[in-house]
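Taken in order, these protein sequences are the chains called A and B. Taken in order, the first sequence gives residues 1 to 391; the numbers are from our numbering. Taken in order, the second sequence gives residues 1 to 273; the numbers are from our numbering.
If you're looking for bench data, these hints aren't it; they were derived computationally from the structure. Glycine included, C-beta positions come from ideal geometry on N, C-alpha and C. Any given hint could turn out to be false.
Computed list of lysine-lysine pairs in BS3-like fashion (alpha-carbon distance at most 30 Å, straight line) [stated by the list, open to error]: (1) K101/A <-> K129/A; (2) K101/A <-> K112/A; (3) K112/A <-> K129/A; (4) K132/A <-> K38/B; (5) K130/A <-> K112/A; (6) K107/A <-> K180/B; (7) K218/B <-> K38/B; (8) K180/B <-> K129/A; (9) K101/A <-> K69/A; (10) K180/B <-> K101/A; (11) K17/A <-> K375/A; (12) K17/A <-> K69/A; (13) K132/A <-> K218/B; (14) K107/A <-> K129/A; (15) K130/A <-> K218/B; (16) K130/A <-> K38/B; (17) K132/A <-> K107/A; (18) K180/B <-> K69/A; (19) K112/A <-> K38/B; (20) K101/A <-> K132/A; (21) K101/A <-> K130/A; (22) K129/A <-> K38/B; (23) K243/A <-> K375/A; (24) K107/A <-> K130/A; (25) K112/A <-> K132/A.
Here are a few chain B residues that sit away from chain A, every Cβ distance over 10 Å (derived from the structure) [what the hints assert, rightly or not]: (26) V93; (27) E166; (28) E169; (29) A170; (30) L173; (31) G175; (32) C176; (33) P188.
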Amino acid sequence: MASLQIRNLIKDYGSFKAIRDVSLEVPSGEFVVMVGPSGCGKSTLLRSIAGLESITSGEISIDGRDISKVEPFDRGVAMVFQNYALYPHMTVRQNMGFALKIGGASKVDVEKAVQRAAGILRIENQLDKKPKSLSGGQKQRVAIGRAITRSPDVFLFDEPLSNLDAALRSQMRVELGRLHAELGATMVYVTHDQTEAMTMASRIVVLRDGIIEQVGAPLELYNFPATRFVAGFLGSPRMNFIKATVHTIDNDHLHLEAAGLAGRLRVPLLHADNALDGMQSGTDVIVGVRPEGFVDGDVEGYRDWRIEGQVAVVESLGRDTLLYLNGGGIKAFDSESHEGYLAIHRTRQLQAVHGQQLQVAIDPGAAYVFDASGKTCVFPLAPNHLLAGAA
Amino acid sequence: MGSRFRWVQVLLYGFVSLWSLFVLLPTAWMVIGAFKTKREFFLDPLGMPASFDFDAFERAWGTGVGGFLLNSMFVTALSVLVIVVVSAMAAYVLARTDNRWMRLVYLVIVAGFAVPVQAVIIPLFQMVSGAGMLNSLFAIVLPYAAYGIPFTIILFYAFFLDFPRELEEAALLDGCRPVKTFFHIVLPLMGPAVASAAIFQAVFIWNEFLLALLMLTKPAVKTLTVGILQLGGEFTSDWAAIMAGLSIAVLPILTVFILAQKYFVRSLAGLGK
Ligand SMILES: Nc1ncnc2c1ncn2[C@@H]1O[C@H](COP(=O)(O)OP(=O)(O)O)[C@@H](O)[C@H]1O
Ligand SMILES: [Mg+2]
Chain A
1 MASLQIRNLI
11 KDYGSFKAIR
21 DVSLEVPSGE
31 FVVMVGPSGC
41 GKSTLLRSIA
51 GLESITSGEI
61 SIDGRDISKV
71 EPFDRGVAMV
81 FQNYALYPHM
91 TVRQNMGFAL
101 KIGGASKVDV
111 EKAVQRAAGI
121 LRIENQLDKK
131 PKSLSGGQKQ
141 RVAIGRAITR
151 SPDVFLFDEP
161 LSNLDAALRS
171 QMRVELGRLH
181 AELGATMVYV
191 THDQTEAMTM
201 ASRIVVLRDG
211 IIEQVGAPLE
221 LYNFPATRFV
231 AGFLGSPRMN
241 FIKATVHTID
251 NDHLHLEAAG
261 LAGRLRVPLL
271 HADNALDGMQ
281 SGTDVIVGVR
291 PEGFVDGDVE
301 GYRDWRIEGQ
311 VAVVESLGRD
321 TLLYLNGGGI
331 KAFDSESHEG
341 YLAIHRTRQL
351 QAVHGQQLQV
361 AIDPGAAYVF
371 DASGKTCVFP
381 LAPNHLLAGA
391 A
Chain B
1 MGSRFRWVQV
11 LLYGFVSLWS
21 LFVLLPTAWM
31 VIGAFKTKRE
41 FFLDPLGMPA
51 SFDFDAFERA
61 WGTGVGGFLL
71 NSMFVTALSV
81 LVIVVVSAMA
91 AYVLARTDNR
101 WMRLVYLVIV
111 AGFAVPVQAV
121 IIPLFQMVSG
131 AGMLNSLFAI
141 VLPYAAYGIP
151 FTIILFYAFF
161 LDFPRELEEA
171 ALLDGCRPVK
181 TFFHIVLPLM
191 GPAVASAAIF
201 QAVFIWNEFL
211 LALLMLTKPA
221 VKTLTVGILQ
231 LGGEFTSDWA
241 AIMAGLSIAV
251 LPILTVFILA
261 QKYFVRSLAG
271 LGK
């Protein structure tokens with residue numbers, strides 16, 4: 001158990017800046033998940049901590065000891081790689097005991113550590129197999145076991161679940177959660193999968209182009225994303241982004257106009273710290289509505305924000321239904337947002353079919369507003385909780 | 001499957017069969033010839049022997065083919081060992097370094113591969129002679145190794161470029177410095193590459209003639225290729241004995257090649273990736 005501090009970390013590959021000034025404190029025992037799109041520098045950051053990449057400048061310390069110039073092995077970190085990186089010519093037992101053996105531990109101690117790790121991961125009866133004869137999930141367990149036998153101060157995971165199928169992935173998420181609780185160890189976990197981040201993290205670090213975009217607990221980031229990037233990245237399906245223009249601002253409402261909406265969207269202003277400086281009539285903004293931020297089109301009081309559209313795709317998830325709506329004049333504008341369709345989440349079963357006409361309405365109380373630079377200006381009053389009743 | 005494809009297949013198989021015959025027939029003729037009597041050899045050069053007896057093999061063996069065989073085995077085994085060990089370590093360093101001077105070293109080694117033995121044979125002979133290393137089985141290993149190492153480095157270099165880096169990184173985190181990583185992780189996984197390099201070099205060295213002719217002139221140190229030549233001098237008319245000697249020379253390396261060809265083919269196929 002140990003804390004990890006990263007101060008002003010910079011990593012350049014020639015003229016390309018992979019990590020630009022990252023600072024982060026990870027308290028002892030925390031499960032921190034770094035999440036971000038592919039290429040944002042997650043692996044580079046993790047590998048810098050492990051000592052597999054030399055850093056350009058900055059400081060990495062564990063429990064206050066600067067390790068940025070220390071040999072990888074002496075840093076007290078263990079890493080689990082995306083494609084397992086098990087030694088193919090060794091048995092599971094040898095794989096897991098290798099670090100201790102190299103470190104000069106006695107046979108008895110190695111065996112004890114291997115047995116303990118195998119017990120935690122429930123792979124006791126795989127110990128004499130070679131990696132080749134294991135399934136993907138078993139291989140990943142062995143890779144994790146190899147880390148556990150070393151009892152490192154900090155565990156590093158680089159997208160460890162991305163080679164597994166969906167069912168196994170969700171099973172391993174639970175297992176990793178249990179492992180963290182059981183070992184109480186400090187863990188840094190890297191993934192591009194927002195579900196893994198939301199479900200496993202004590203704290204999420206959102207990375208973008210080598211910079212930390214925002215840090216916080218999963219629901220904190222989900223409910224109060226500081227930027228449109230974070231808002232779009234966390235949550236599945238993605239938040240819908242709609243172009244709008246400021247009409248007027250009064251004491252407690254922002255009045256917005258959007259092409260295709262009959263009335264003006266009255267977004268309540270409840271958070272005192274919302275930065276509306278510089279906003280005036282005519283300023284372009286972007287409204288963000290999560291898929292659960294819609295109500296039925298004929299609900300009293302919401303009719304002004306009605307959207308009429310055709311159902312493009314229906315995804316019945318069992319209890320819930322996801323609808324992708326071709327909203328006519330109103331459409332999600334960025335290409336990552338489901339091809340311009342509005343994603344709508346209903347917490348009930350719906351018998352919708354492709355092409356069917358459907359009315360929904362935006363709930364202005366569930367809307368986020370982002371300024372042109374992507375900063376969040378308005379958060380909803382109480383994200384999500386209004387919507388459960390309305391849907 | 002169209003008939004066009006069938007025809008291409010038939011043509012290809014026909015071509016490969018003809019080519020195989022072209023290569024195998026003389027070999028078969030050599031082996032069959034070794035079983036003939038002297039009379040049969042001249043009266044019916046292409047026919048079959050009346051009986052399969054080993055007289056010719058005994059005559060050939062009697063002239064010291066056994067000694068040549070041992071010399072060849074020793075020279076081949078030692079050369080291959082030196083080539084594989086040196087090349088593996090050199091190629092590993094070359095494939096993993098960021099140092100630009102090392103790139104230059106690699107280029108020089110590749111260039112060395114392109115120099116034909118014949119072009120430097122006279123200076124080479126003078127050097128070996130000057131060092132007093134003529135007629136030494138140990139000494140001839142040195143030029144053999146020198147000629148085998150460049151190609152083997154290229155082969156291993158390609159292997160290392162494809163070698164999964166995570167394994168080495170995992171080893172680094174597990175406490176291995178590069179030397180330990182090489183011996184604990186990389187070397188044990190080099191099997192196919194080593195097998196193909198070894199078999200390739202073994203065949204070349206076993207069959208090498210020119211250097212052996214120049215540097216091994218005493219009968220006691222002759223290898224098979226030059227030893228058989230001596231056989232030709234001794235038995236001017238005993239072609240059956242010469243064929244028997246040649247068969248003895250070819251058989252061991254042929255056996256090794258057939259046993260190891262699985263690795264050989266696989267590893268060469270991997271080179272194209
Ligand atoms: N060895 C390298 N040389 C040059 N650029 C690199 C190197 N490794 C990674 N990069 C670049 O750095 C960026 C971040 O890479 P990486 O950390 O692997 O991203 P992620 O793991 O988030 O997908 C990418 O744009 C990648 O192309
Ligand atoms: Mg990565």
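So, going through the hints one by one against the coordinates:
A C-alpha spacing of about 19 Å is found between K101/A and K129/A, which places the hinted pair at or below 30 Å, so the restraint holds. Between K101/A and K112/A the alpha-carbon distance is near 12 Å, which keeps this suggested pair within the 30 Å criterion. Our distance criterion of 30 Å between C-alpha atoms is met by K112/A and K129/A, whose separation comes to about 18 Å. Our distance criterion of 30 Å between C-alpha atoms is broken by K132/A and K38/B, whose separation comes to about 59 Å.
For the hint pairing K130/A with K112/A, the CA-to-CA distance comes to about 20 Å; that is within 30 Å, so the pair holds. In summary, the hint linking K107/A to K180/B is supported, as the alpha carbons are separated by about 19 Å, within the 30 Å threshold. Among the hinted pairs, K218/B with K38/B is consistent with the structure: their alpha-carbon atoms are about 29 Å apart, no more than 30 Å. At roughly 24 Å between alpha-carbon atoms, K180/B and K129/A fall within 30 Å of each other, so this suggested pair holds.
Using a Cα cut-off of 30 Å, the hinted pair K101/A and K69/A holds, with the two alpha carbons roughly 24 Å apart. With a CA separation close to 12 Å, the supplied pair K180/B and K101/A stays within the 30 Å bound. For a cut-off of 30 Å, the pair hint linking K17/A to K375/A stands: about 23 Å separates their Cα positions. Taking the CA atoms of K17/A and K69/A, the gap is near 20 Å; set against the 30 Å cutoff, the hint holds.
Taking the CA atoms of K132/A and K218/B, the gap is near 53 Å; set against the 30 Å cutoff, the hint is violated. In summary, the hint linking K107/A to K129/A is supported, as the alpha carbons are separated by about 19 Å, within the 30 Å threshold. A distance of roughly 53 Å separates the Cα atoms of K130/A and K218/B; the hinted pair therefore is violated under the 30 Å criterion. Proximity of K130/A to K38/B is assessed by CA-CA distance (about 59 Å); at most 30 Å being required, the pair is judged violated.
Distance check on the hinted pair: K132/A and K107/A sit about 25 Å apart at the alpha-carbon level, within 30 Å; holds. At roughly 21 Å between alpha-carbon atoms, K180/B and K69/A fall within 30 Å of each other, so this suggested pair holds. A C-alpha spacing of about 74 Å is found between K112/A and K38/B, which places the hinted pair above 30 Å, so the restraint is violated. Using a Cα cut-off of 30 Å, the hinted pair K101/A and K132/A holds, with the two alpha carbons roughly 22 Å apart.
Proximity of K101/A to K130/A is assessed by CA-CA distance (about 18 Å); at most 30 Å being required, the pair is judged to hold. Note on K129/A and K38/B: the hinted pairing is violated, with a Cα-Cα distance of about 61 Å set against a maximum of 30 Å. The straight-line distance between the Cα atoms of K243/A and K375/A is roughly 14 Å, inside the 30 Å bound, and the hint therefore holds. For the hint linking K107/A to K130/A, the alpha-carbon distance of about 20 Å falls within 30 Å, and the restraint holds.
Of the pairs offered as hints, the one joining K112/A and K132/A holds, with about 24 Å between alpha carbons and a cut-off of 30 Å not exceeded. With a cut of 10 Å on Cβ distances, V93/B stays outside the contact zone with chain A, its closest approach being about 19 Å. Remark: the non-interface label on E166/B conflicts with the geometry, its nearest Cβ contact in chain A lying 4 Å away (cut-off 10 Å). Not every beta carbon of chain A lies more than 10 Å from that of E169/B, the smallest distance being close to 5 Å; the non-interface claim is violated.
Distance check on A170/B: its Cβ comes as close as 4 Å (rounded) to a Cβ of chain A, failing to clear the 10 Å threshold; non-interface status is violated. Taking the minimum C-beta to C-beta distance to chain A, about 5 Å, the non-interface status of L173/B is violated against the 10 Å cut. At the 10 Å boundary, the C-beta of G175/B falls inside the reach of chain A, the nearest C-beta of that chain being 4 Å off. A beta-carbon of chain A is positioned within 10 Å of the beta-carbon of C176/B; the least distance is around 6 Å.
For P188/B, the shortest C-beta to C-beta distance to chain A comes to about 5 Å, within the 10 Å cut-off, and the non-interface label is violated.
Violated hints, in rising order: 4, 13, 15, 16, 19, 22, 27, 28, 29, 30, 31, 32, 33; the structure is consistent with all others.
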